[in-house]
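Asks: Spelled out, the chains give:
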Amino acid sequence: MSEPHDHRHGRDDEDSVSYYRTMEIAVRSLLIEKGIFSAQDVRRTVEAMDGRNYSRGARVVAHAWQDGAYRARLLANGTAAVEELGMQVGPLKLVVVENTPAVHNVVVCTLCSCYPRMLLGLPPDWYKSREYRSRVVREPRAVLADFGTALPADVTIRVHDSTADMRYMVLPMRPPASAGESAAQLERRISRDALVGTAVIDR
Amino acid sequence: MSGSAGMPGMYGTDPEGAAFLPAHFSPGDRVRVRAAIPPGHVRTPWYCRGRSGVVERLCGAFANPEELAYGRPGLPAQPLYRVRFQARELWPDYRENAADVVEIEIYQHWLETAPEDRP
Amino acid sequence: MTMRSNHDMGGLAAGRLTPREHEYEPWEKRVDALMMLLSSKQRQLLTVDELRRNIEALGADAYDRMTYYERWMHAIGQTLIQRGVINIDELGRRMEEVRAAGGPDAAVNQ
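Each protein sequence line maps, in turn, to chains A, B and C. According to my numbering, the first sequence holds residues 1 to 203 in order. According to my numbering, the second sequence holds residues 1001 to 1119 in order. According to my numbering, the third sequence holds residues 2001 to 2110 in order.
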């Protein structure tokens, strides 16, 4: 199954990160030479990555809070509803899961680090950590407590393990105090962690 | 490589011509995850193997990751389901709310009809 | 012996979680970009499942010791070699050239 692997890579004084940084430069230059992509392709891909963050997810949620018909479409087909707003989702399917007074949703990938990047950007370290991946399927309230998040005891927790081709985003409950607010005001209330389910929006 | 949703009983091809297998299960069906230990890359978490749950939805049909992992096309595509497990089914000593659930995406070839539902 | 793979950790005991963020380094973003470009629909030179298989093949010690993008870079290199997109000789030589030119710190990265 696993091949013997010598971790004294490269030169004796080369540490692991230098080794893989060197490999990245070497692989990238070889692939550019072979015409597989250009240096500009790499730059543009990184720029696109930098331009994606959870404000995209917040925009979707604020829209759903303001428009009940849109909310229904979002829950029925997340991918199509996000594309309605002019955002591209890519090859993976988006599933939006709705928090209610009775149900709270939390997203994880226990096998690696699957994350709704198309709406939230790159994942934070904790999402990829052993602590989060191991524990949240078995003791979700204890993990939420590590974030300072507490739920009423009678709320059912639904943990979503992103093991395959779906990506999950949480639709948080709209705070009652937000009545009448504009989309921009609503978006400012939304945190990234609320869209993963490790936080709630309580005011 | 995503396929269009295979409706139960149908066999077909997706809009790009890729074959997919018919879906054997429907939302609400009780299923059990096979307690298998294949020697290679799989996307079925250890903690749900041998456990029973309920099909929450059919997600569509997708190329089999156990084939894709070895550079093969993974077709015909496998129906993929979200299966809902009671936390207590997964963890008999579960200490939080007994109504809590975990939902996991599982490919059809890992699922069988739950034993208590067999004729 | 257990057949449970190290990456398959759902439900195992683990310590308290510290909600750490991560400031992605430029080289890490480029590794991510390599993955996206190579797996894109028009190129299809690797799949995420090949990447995962090669990460899982690292074994438990290396998996736990290496950082996230070190594991990715390892797996991208392995997959490209397995696919015949590059070979180990040209990759090894090119890495030597990078070192001879002063290593990754000296390289003008874009």
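FYI, nobody ran anything at the bench for these hints, they're computed from the structure. Misleading hints may appear alongside valid ones.
Facing chain A, according to a computed beta carbon distance under 7 Å, are these residues of chain B, among others [stated by the list, open to error]:
#: 1; residue: Asp1029
#: 2; residue: Arg1043
#: 3; residue: Val1055
#: 4; residue: Cys1059
#: 5; residue: Phe1062
#: 6; residue: Leu1080
#: 7; residue: Glu1089
#: 8; residue: Asp1093
#: 9; residue: Ala1099
#: 10; residue: Val1102
#: 11; residue: Glu1103
From the derived model, a few chain C residues whose C-beta atoms are all more than 10 Å from chain B [to be verified]:
#: 12; residue: Thr2018
#: 13; residue: Met2035
#: 14; residue: Gly2092
#: 15; residue: Ala2106
#: 16; residue: Ala2107
Which chain B residues face chain C? A few, computed with CB under 7 Å, are given here [said to hold, decoys possible]:
#: 17; residue: Ala1035
#: 18; residue: His1041
#: 19; residue: Pro1045
#: 20; residue: Trp1046
#: 21; residue: Tyr1047
#: 22; residue: Val1054
#: 23; residue: Leu1068
#: 24; residue: Ala1069
Ideal Cβ placement from N, Cα and C applies to all residues, glycine included.
Asks: If a hint holds in the structure, say so; if it doesn't, say that too.
Replies: Hints, verified against the model:
no.: 1; hint: Asp1029; result: 18 Å, violated
no.: 2; hint: Arg1043; result: 5 Å, holds
no.: 3; hint: Val1055; result: 14 Å, violated
no.: 4; hint: Cys1059; result: 6 Å, holds
no.: 5; hint: Phe1062; result: 5 Å, holds
no.: 6; hint: Leu1080; result: 6 Å, holds
no.: 7; hint: Glu1089; result: 12 Å, violated
no.: 8; hint: Asp1093; result: 9 Å, violated
no.: 9; hint: Ala1099; result: 4 Å, holds
no.: 10; hint: Val1102; result: 5 Å, holds
no.: 11; hint: Glu1103; result: 5 Å, holds
no.: 12; hint: Thr2018; result: 21 Å, holds
no.: 13; hint: Met2035; result: 14 Å, holds
no.: 14; hint: Gly2092; result: 22 Å, holds
no.: 15; hint: Ala2106; result: 35 Å, holds
no.: 16; hint: Ala2107; result: 31 Å, holds
no.: 17; hint: Ala1035; result: 12 Å, violated
no.: 18; hint: His1041; result: 4 Å, holds
no.: 19; hint: Pro1045; result: 5 Å, holds
no.: 20; hint: Trp1046; result: 5 Å, holds
no.: 21; hint: Tyr1047; result: 4 Å, holds
no.: 22; hint: Val1054; result: 19 Å, violated
no.: 23; hint: Leu1068; result: 4 Å, holds
no.: 24; hint: Ala1069; result: 4 Å, holds
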